[in-house]
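K.L.:
Below are the chains, spelled out letter by letter.
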Amino acid sequence: MEYLDFELPIKELEEQLDKCMIIGEESEVDVSETCKQIEKKLAETRKEIYKNLTAWQRVQLSRHPNRPYTLDYIRAICGETFLELHGDRNVKDDKAMIGGLGKIGDQSYMFVGQQKGYNTKTRQLRNFGMANPEGYRKALRLMKSAEKFGIPVVCLIDTPGAYPGIEAEERGQGEAIARNILEMTRLKVPIIVVIIGEGASGGALGIGVGDKVLMLENTWYSVISPESCSSILWRSWEYKEIAAEALKLTATDMKKMKLIDEIVREPAGGAHANRDKTFEIVKNKISSHYEELKKLSPKELVKNRMDKYANMGVFNG
Amino acid sequence: MSSWFKRKEKGIQTATDQKKDTPRGLWYKSPTGKIVESDELAKNYYVSPEDDYHVRIGSKEYFEILFDKNKFTELDAKLSSKDPLKFEDTKKYVERLKAAEAKTGLKDAVRTAVGKSLGKDVVIACMDFSFIGGSMGSVVGEKIARGIDYAIKKKIPFVMISKSGGARMMEAALSLMQLAKTSAKLAQLADAGIPYISLCTDPTTGGTTASYAMLGDINISEPGALIGFAGPRVVKEATGKELPEGFQTAEFLQEHGFLDFIVHRRDLKKKINLYIDLIENNPVRG
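Taken in sequence, the protein lines are chains A and B. Using UniProt numbering, you'd call the opening residue of the first sequence number 1 and step up by one each time. Using UniProt numbering, you'd call the opening residue of the second sequence number 1 and step up by one each time.
No wet-lab data here; the hints were simulated from the structure. Everything numeric in this text was worked out from a predicted model, so none of it was measured. Ideal placement from N, C-alpha and C gives every residue a C-beta, glycine not left out. There may be inaccurate statements among the hints.
As the list claims (entries may be wrong) - Each computed DSS-like pair below joins lysine-lysine, with the alpha-carbon atoms no more than 27 Å apart:
{"no.": "1", "chain 1": "B", "residue 1": "29", "chain 2": "B", "residue 2": "6"}
{"no.": "2", "chain 1": "B", "residue 1": "29", "chain 2": "A", "residue 2": "299"}
{"no.": "3", "chain 1": "A", "residue 1": "294", "chain 2": "A", "residue 2": "240"}
{"no.": "4", "chain 1": "A", "residue 1": "258", "chain 2": "B", "residue 2": "92"}
Claimed, not checked - Here are some chain B residues the structure puts well away from chain A; computed CB gaps all over 12 Å:
{"no.": "5", "residue": "32"}
{"no.": "6", "residue": "50"}
{"no.": "7", "residue": "237"}
{"no.": "8", "residue": "262"}
For reference, chain B alone in the conformation it holds in the complex (with noise of 0.2 Å):
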């Protein structure tokens, strides 16, 4: 046998902070089976460039996407969750939010935050699926809440992008009376004369559907995102039915009457900015 296959120095010589980790996620797989480079995936709005198969993006990427220059003021940034009920089920609610934090680096479910898109204000929360489900807690609702509050102050118009599984039954009671303060500061916002958009991207659905989500001056979705109240399992266990082909889908909605349109990731800042420049009657930004 060849002497180079013997290791000449005993153990590993390697200092920690010279080791390299392979790169992960170098490589997306599209549902459809289509590689792609995650480079090449970020640069093209993390579309899948053969097949338009949105894949699933955080606060980070969609602020990157919607704010000029990824420059922005993120509001109420600290605010985080408590575990006012003691909550426990195979695992104990404030262990799963330390869980939460420590894989995302996020504080909780949804980010807000003000800044240029198109050379104008906007305030934007986004939703991450990452934490917890993107399940709407007493955070979610305060941040939101302040995030209108802010958008009411200074008059400037209220994107939301939601994705999430629904309120966290983790808080329960308290979770479920987010859908009423949130909508309660959507009339308000709305009395002000101040535009809402709601995005709804993939999955939308439970309390969130039953609140936000549906309530913008326009509701507009990505291609493919599920959107619906009870999820399609419930739905099947409840009715013993088959589910019709691309039940709850974006495209789904639309056809049914609860989407103005549906937008490719690519043209959501400009088909944002096209509207507030439309409903405000001002010139149309380029």
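Chain A on its own, in the form it takes in the complex (with noise of 0.2 Å):
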């Protein structure tokens, strides 16, 4: 288990837990009561720190190395039903971007999603999670293969941003989540996005356009993230706190802009203190806000999901 900075408490206190039990073990002393206690304390402790998160602990936490991936989630959720589905057909398969198909019950979705890596080798491969024109495309294909067979999508976000790269210009990064976009809202079948870590901008919204919008508790949306916000508003690497702030990126910001449908609660101590926990969250969400979106018909659902759109944005006149 890795820790972030404001988590150290609980690391203290997990690791006298720890203690606590190995003296029970080892010796004849009756250490039911002091562990008891510990517990008792880290829970407390726990609860305290993520009460009042700012942003940028926000931030941090949906970029914890140990919070579960897109494929963690879709693993967990379907089992061994998940099939992996490659390829954009055109140029290459995007590691960055995954999908595929998988059961929730009876019903059969179709998922996508950026993916990252947990060590080295694997953030490379999954290029950070940064996908290409490619990885978009792929996404669109499936997304449309979908609805050709009247299948829901579910959008799972986690990514720092669409990849800045030479081919991935030459190959139209820019044309390939304009494409997505504008599909995903015209899409004849429902679609579900969580966002489960990080959401920034184009690169998160090339898969983000959704009947319903969910985001986890300790995760971020917007359209920039605060290092590259400061670095340009303030010509600056060290205003990134500032910048978290004013972007007004967290969960509670964005369902009070209304840009996102719901909040969904992780357990105590963020999603990566109780994996499973969060597996079971999301995949409740998915089924019960399947079984909503089930009864529009495609027209309905189509036409709500534009209306959404149309109405976000603040101005006078």
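Quick one: dock chain against chain with the hints and give me the complex.
P.N.:
This is how it looks when you write it as structure tokens:
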């Protein structure tokens, strides 16, 4: 387990608890009362720390090295039924964007999402979750295929942005994202979007248009990362905390601005503290939203979705 | 010393309304060093005659070039930006807005209008780079959306002239959602079977490229325009590689399959209308 700066009190208590249990096992002394007290303190500390997180701390949590990634969710949610599908039928298979079919209960879903790696080697393979145009085109291919067979789409978002590479530009990164956004606004099957980590700008929105857009509690979603915002507007990397506040990028802010539909609470201590419970929560959310959305005709579905996005924006006059 | 150097009367006597300012911008110097008189430049569609350099211009000039006799009706001219996030970096967003409005005389970074071009109605949305870098916030999204609604209602072709650094950071995620909003409207325009011409001018980058700029039935551009998703500096920093020659120019994009053609500004009006006549299967106007 890795710990962020502000999580260190939790680490300390967890270590104390481990020691306490070892003493209990190795000696005759009854430590159950002491252990219980440490456990209680641990729960309280966790609650206290997670109660008052700053925007920047949430950004850090969204990137927590132990946080579950897209494939972790899909594998846990669909188990053996998950069938990964590859390729954009044009250039190559983008490893930063994954997709495939899987079941929740009796219902099939088409999953797409950015994938990050968990160690140096896989991080490189997954290009740190930064998709190329072929990734977005692969996602669109899968979504269109789902539309053809009336299968609902689930998008899991976790990206620091679309990849700003030379070849990405040559192959039309902007066009790929734009095309996805347009086609998603009129896709005739339900789309449920869940921000599970980082939701950076066009790279996120390129698979982020949906009937229901949910954000896990410790994630962020905005037009730019706080670091890049700091470097552009303050001309220094030092203002990332202030930029994180200014961008109003937390789930709470996004809900307040009516740019997302729902905040999904994470288990105490965040998604990484209890992965299984997190998977269960997300799975239930997908099912319950689908149950509601499937009542709508394709026409109503598309109209509601378009109206929702058409109403986004704040201006005078 | 000659006496005519001496000021006879004390102080400056000229009344304010009699004062003569030195006209600004009497000359224009293109990046290759060619010098041209401003009047001559305007007559030449703001293209430097010697080297064909296409000078950055705004909605005022494009409307003049595209609408017959510069006659048009502006749509939703009064929409203006709010500051929903109370955004402040080194400067308050509200102050940036005020300064931009004072400097440019514009309400925001896009103007939309309807008028005749070669005798037939067309809706044109044109961005102004001079207003906070042509950045796209709520107002830009709303005006484009309403412009498209108008085009659908009246069954008039829609022309988008992009010139933008991308989404407006000071409206954060609200700006981001304008990508979805404008794209949803373009999907409706497409479903209605109305032609959409996207002209990408120098520069067209970021969120603009990742939405309406790349979604035309035809995407066209002017010579030498910078068009890309990530800006060249960002690409260079991210990859640590030297950028290929001509990277992200209009010519580069055409070569890679993202532009239908590049048009000299003097032919812009003719070419756009030619496309409209051809795609609508109407007689070609002269």
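K.L.:
Against each hint, give a clear statement of whether it holds in the structure.
P.N.:
Hints, verified against the model:
1. Pair hint residue 29 (chain B) plus residue 6 (chain B) does not hold up; C-alpha atoms about 38 Å apart against a cutoff of 27 Å.
2. Our distance criterion of 27 Å between C-alpha atoms is broken by residue 29 (chain B) and residue 299 (chain A), whose separation comes to about 55 Å.
3. A C-alpha spacing of about 42 Å is found between residue 294 (chain A) and residue 240 (chain A), which places the hinted pair above 27 Å, so the restraint is violated.
4. Our distance criterion of 27 Å between C-alpha atoms is met by residue 258 (chain A) and residue 92 (chain B), whose separation comes to about 24 Å.
5. Listed as outside the interface, residue 32 (chain B) is consistent with that label: its C-beta sits roughly 25 Å from the nearest C-beta of chain A, beyond the 12 Å cut-off.
6. The beta carbon of residue 50 (chain B) is kept farther than 12 Å from every beta carbon of chain A, the shortest such distance being approximately 31 Å.
7. For residue 237 (chain B), the shortest C-beta to C-beta distance to chain A comes to about 8 Å, within the 12 Å cut-off, and the non-interface label is violated.
8. Residue-level check passed: residue 262 (chain B) sits 16 Å from the nearest beta carbon of chain A, beyond 12 Å.
Going through the hint list in order, the structure does not satisfy hints 1, 2, 3, 7.
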